[in-house]
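Given the sequences, and given the hints that come with them, work out the whole structure.
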Amino acid sequence: MKATLFIAAVLAVSTAPALAALPGDGERMAATCAGCHGTRGASPGTHIPVIGGQSSDYVKKTMKGYKEGTRAGGVMANLSKGYSDQQIDQITEAVASWKWQNSQNARKKGKIKISASGTEVCAGCHGAKGQGTPIGPHISGQAAGYLKEALSEYRSGRRTAAEMGMVKEMTDQDFDKLVKFYSQQK
Amino acid sequence: MKRREFIKQTGIGIGVLALWGPQVFSAHAGEILPKKGRRVVVAGGGFGGATAAKYLKLIDPKLDVVLVEQRERFISCPVSNMVIGGFKEMKDITMDYKVLARKYGIKIVNAQMTGLDATAHTIETSAGKIAYDRLIVSPGIDFMYENIPGMDPQAQALFPHAMKAGDQTVQLRRELVALVPGQNVIITIPEAPYRCPPGPYERACMIAHYLKQNKKGSRLIILDANEDVVSKGKLFKAAWKDYYEGIIDYRPDSTIKKVDVATRSIVTVAAEVQGGVINIIPDQKAGLLAFQSGLVPPKRRWVPVSALSFESPIHKDVHVIGDATDGEVIGSMPKSGFVASTMGKAVAASVVAMMSGREPLPPSLANTCYSMVNEREAIYVTGVFEFDARTKKMAGVKAAGGVSPERSERLGIQAEDWARSIWSDTLG
Ligand SMILES: Cc1cc2nc3c(=O)[nH]c(=O)nc-3n(C[C@H](O)[C@H](O)[C@H](O)COP(=O)(O)OP(=O)(O)OC[C@H]3O[C@@H](n4cnc5c(N)ncnc54)[C@H](O)[C@@H]3O)c2cc1C
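Chains as they are written, first to last, in the numbering used here: chain A, 1 to 186; chain B, 1 to 428.
Treat the hints loosely; a few may be bogus.
Said to hold, decoys possible - Distance windows between CB atoms, simulated:
id, chain 1, residue 1, chain 2, residue 2, range
1, B, K98, A, K99, 17 to 25 Å
2, B, G105, A, T133, 36 to 44 Å
3, A, S152, B, E191, 38 to 46 Å
4, B, S356, A, A162, 45 to 53 Å
5, A, N102, B, E409, 22 to 30 Å
Stated by the list, open to error - One-sided and incomplete, this derived list gives chain B residues near chain A with beta-carbon spacing under 8 Å:
id, residue
6, F338
7, A349
8, S356
9, S421
10, I422
11, D425
None of these hints come from the bench; they were simulated from the model. Glycine included, every Cβ here is placed at the ideal spot set by N, Cα and C.
Written out as structure tokens, the structure reads:
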């Protein structure tokens with residue numbers, strides 16, 4: 001698959017004049033997400049998350065969760081219903097193909113010391129720096145406001161995931177440390 | 001006012017910014033930027049046009065893209081109501097076009113477009129003629145003052161619309177601050193369709209909030225030509241009741257019959273009201289540029305285009321997007337920055353396709369408009385629009401359309417994020 005794509009690309013380059021590749025269906029639908037999530041999913045906001053380069057399994061699960069109501073969402077609960085399951089697959093493919101770009105909104109203020117202690121428990125699923133694994137989504141370089149909100153939602157039960165059960169016991173201070181650590185990872 | 005605006009715009013419009021190397025004039029009289037390769041000219045650098053220019057370059061970096069914009073800087077209508085309410089300043093909503101030039105190599109021409117020769121594939125601007133292979137026009141809106149008896153240039157200057165963020169936003173803010181407590185403010189809302197359906201109601205919240213805090217005894221009278229609040233009605237009315245009871249006096253079915261400068265009054269079928277500050281939002285039509293360019297058929301207000309390619313049925317190789325487009329022709333969608341931005345992306349893809357003999361690509365459009373109901377809380381309306389091959393129009397996907405279940409501070413934060421995001425998607 002990769003090899004044929006590569007050959008196709010070489011051919012395209014060598015036959016002049018090269019035609020610009022047109023954005024596919026998924027790319028064009030996903031371009032509308034940029035209004036809130038930034039160009040190619042690089043969100044400049046504090047609470048609307050970076051999605052470009054997020055793991056495709058996670059984005060797909062999330063979009064379908066919003067659509068079916070299994071993940072609580074505000075505006076995403078509306079927008080996700082605008083696309084068929086097949087369209088969501090196409091959108092997901094585009095979103096996951098973009099390059100992850102760290103949020104500019106890391107948590108900077110406050111006296112909280114940044115340290116990896118306390119994150120060992122997270123590393124197994126999210127990777128040592130939070131860069132994501134096949135189990136857990138990419139959380140490093142994510143918008144700080146969003147990270148805090150996500151953790152709080154797992155604690156309050158607004159969002160549910162068996163894997164995230166450990167946050168039920170955590171305090172806001174614990175969250176602040178984790179948010180500071182992950183939002184500042186490069 | 002219009003004349004003053006015109007002079008000011010042409011005044012700042014002479015000269016070309018952000019060009020690479022010395023400017024070369026061609027043999028053609030007054031032509032600037034002689035065309036060498038495949039070129040798309042985009043006229044109007046608002047939400048539609050600037051986004052189209054950027055996405056043309058994202059899709060095809062080798063394409064020569066020229067953006068012609070009469071204003072030196074971009075001033076955002078979204079969030080301008082917050083300036084009127086005193087929660088934001090003009091600098092928060094003013095941005096420049098430099099990044100588009102630097103990052104994507106778009107040639108920014110700071111000039112006013114004054115004419116179109118679709119046969120010769122050239123446009124006239126205050127800086128000279130520019131040749132194109134395809135032209136995208138996103139001219140925004142203008143006003144039908146002629147529909148309001150008494151709305152002469154003096155009245156236009158005294159009763160700002162503030163529906164194009166800029167001087168009039170500042171004027172309205174200044175007048176509010178100067179209002180004598182006890183005097184009333186009037187907003188008039190035209191019959192839909194007009195730019196930003198929830199915009200006037202959001203503005204009402206901002207003004208009422210200001211009056212409540214600062215102008216004891218002053219009320220805000222809303223004269224709405226529509227039979228009810230056009231967008232997010234329940235949510236706006238709930239906020240008015242909870243926060244602005246006794247301040248907002250909402251009067252539906254109130255078309256203006258006459259305005260009088262001397263008495264600062266507005267006459268409707270039902271009443272005559274006077275105001276210390278009067279914000280008249282007149283009926284709207286496509287931006288004057290669309291009329292000057294022959295893109296609007298006789299007796300129409302908006303620009304007909306193909307909903308698939310946004311190409312004009314009147315002028316080949318000319319595409320029109322944004323608020324100026326005719327909802328009756330392409331399918332009804334709100335005239336919002338969000339929709340204009342998604343149109344910009346859609347037209348960019350189709351233009352690149354069509355320039356190389358390929359078919360236009362079906363647009364995927366969307367809308368979300370957040371409105372602030374006070375300094376912290378917001379509400380929203382959303383929609384997803386897809387091309388219907390049977391009717392050849394854009395149609396809203398029913399399941400996705402809707403409004404927020406309630407107002408909240410969380411949505412207020414998201415509204416701020418949204419603004420940053422769409423600004424960076426348009427200009428960054
Ligand atoms: C108070 C208010 C609040 C709003 N809030 C929101 C919101 O929260 N969300 C949202 O999605 N939308 C909002 N909108 C609507 C949004 O601003 C418009 O829908 C959007 O600007 C439309 O984009 P456009 O490209 O069609 O026009 P514009 O953005 O108006 O762009 C037109 C551009 O063309 C230029 N131009 C015109 N004629 C010429 C010429 N002859 N030569 C050169 N340049 C020319 C103009 O200077 C302008 O820059 C709001 C509008 C208002 C008034």
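Structure-based check of all given hints:
1. B:K98 with A:K99: 17 to 25 Å: Since K98 (chain B) and K99 (chain A) have Cβ atoms about 24 Å apart, the given range 17 to 25 Å holds.
2. B:G105 with A:T133: 36 to 44 Å: Given about 39 Å between the Cβ atoms, the range holds.
3. A:S152 with B:E191: 38 to 46 Å: For E191 (chain B) against S152 (chain A), whose Cβ atoms are near 45 Å apart, the range 38 to 46 Å holds.
4. B:S356 with A:A162: 45 to 53 Å: Given about 51 Å between the Cβ atoms, the range holds.
5. A:N102 with B:E409: 22 to 30 Å: 26 Å, holds
6. F338: 5 Å, holds
7. A349: 5 Å, holds
8. S356: Holds, because the Cβ-Cβ distance from S356 (chain B) to chain A comes to roughly 5 Å (cut-off 8 Å).
9. S421: At 5 Å from the nearest chain A Cβ, S421 (chain B) passes the 8 Å test, so the hint holds.
10. I422: At about 5 Å, which falls below the 8 Å cut-off, the nearest Cβ of chain A leaves the hint on I422 (chain B) intact, so it holds.
11. D425: 5 Å, holds
Going down the numbered hints, you'll see the structure goes against none, and every one checks out.
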